[in-house]
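Asks: Now for the letters of each chain:
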Amino acid sequence: LTAELLAGHASSAGEIAVAFLTPLINYLRHRFHTVDPELCETAAEDAILALVRGETNYDSNKLELGAYLRVVGFRKLSKLHRKHRRHRREISLESVAEPSDEGNYLQRDGETLSWDHPLLVGELATFSPIDTQLLSLMRAGVRSNSEFAPVLGLVSGPPTDLAAEVKRNKDRIKTRLKRAVRGEE
Amino acid sequence: MNNTPLERLAQRAATDPFFLGYRLAAYAQLHDLNDAALAARLGCTPELLPTIRLCRAPRMDPLSFREDVLCVAEKFGLNRQKLAEAAKPLFATPQREATPEKMLDAAGVLLAARDREDPS
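For the record, the sequence lines run as chains C and Z.
Residue 185 is where the first sequence ends in this note's numbering, and the numbering goes up by one at each step.
Residue 1120 is where the second sequence ends in this note's numbering, and the numbering goes up by one at each step.
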């Protein structure tokens, strides 16, 4: 099917839709269960249409078709979700769980965002192992610099330097999350 | 009413000239065909129509058009001739519909204007 798509067979678009549309919808709905299911369906449709219309640069050497469609579907869903929120503020995310830390850096416009939010999930997927560990500590409400220091490989040095380095890394992570929620690159 | 995701997607495709569904929609409208009648004409079941609608529309040059029609017809077991007929772009359809009847011949073809009488 991939070969037929890349060869430009007229029938491949229909076959791809049959093979991948429903699994992609199910994947998006399951992965982003707090997002409107209709948005997930529209995002899956958009992903399939973009692929068969050749609007994406699919390279079969890098990713198999199903995985690639999940990536495109995720991007489409993020875009749709952002647009949807911008135009329809009445969508409430209150029903989803709050982050376990007391910080309010994930709040925007008075709404609490879930860690399942597509924008956050996408950003978290790009985190390095060190950043992931730091974020885990932050979410757990850890405040002691001595617990952050080993993660950052800081085993010695003046306490003020250590504190500054920990703060710098925590601020960097917060900034990344804020930008992701705002939909910035 | 569209019940399945595939049918919904096919409906979107029917508004996009990239897809075969766009031309099938124009053809069905021109011949006043519902899904069952269109499927019967193409030689398939109505359940297969969404998949066919989501295929790429055949390219315009004759060789590529033939190749694309054969590709879809063979893949889904359709009547080649009927599919070729249905997949032709209907550029003149809106104008044809708006043309006064006296300017059309018996087959509905637009008559060209002539400057002088036919010598025969």
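FYI, nobody ran anything at the bench for these hints, they're computed from the structure.
One should not assume that every hint holds.
To give an idea of the interface, some chain C residues facing chain Z are shown, with a C-beta separation under 8 Å as derived from the structure [stated by the list, open to error]:
hint, residue
1, L6
2, H9
3, A10
4, S11
5, A19
6, P23
7, I25
8, A50
9, R53
10, E55
11, T56
Virtual Cβ for every residue (Gly too), placed ideally from N, Cα, C.
Asks: Out of the numbered hints, which ones does the structure contradict?
Replies: Result: hints 1, 5, 6, 8, 10 and 11 break, sorted rising.
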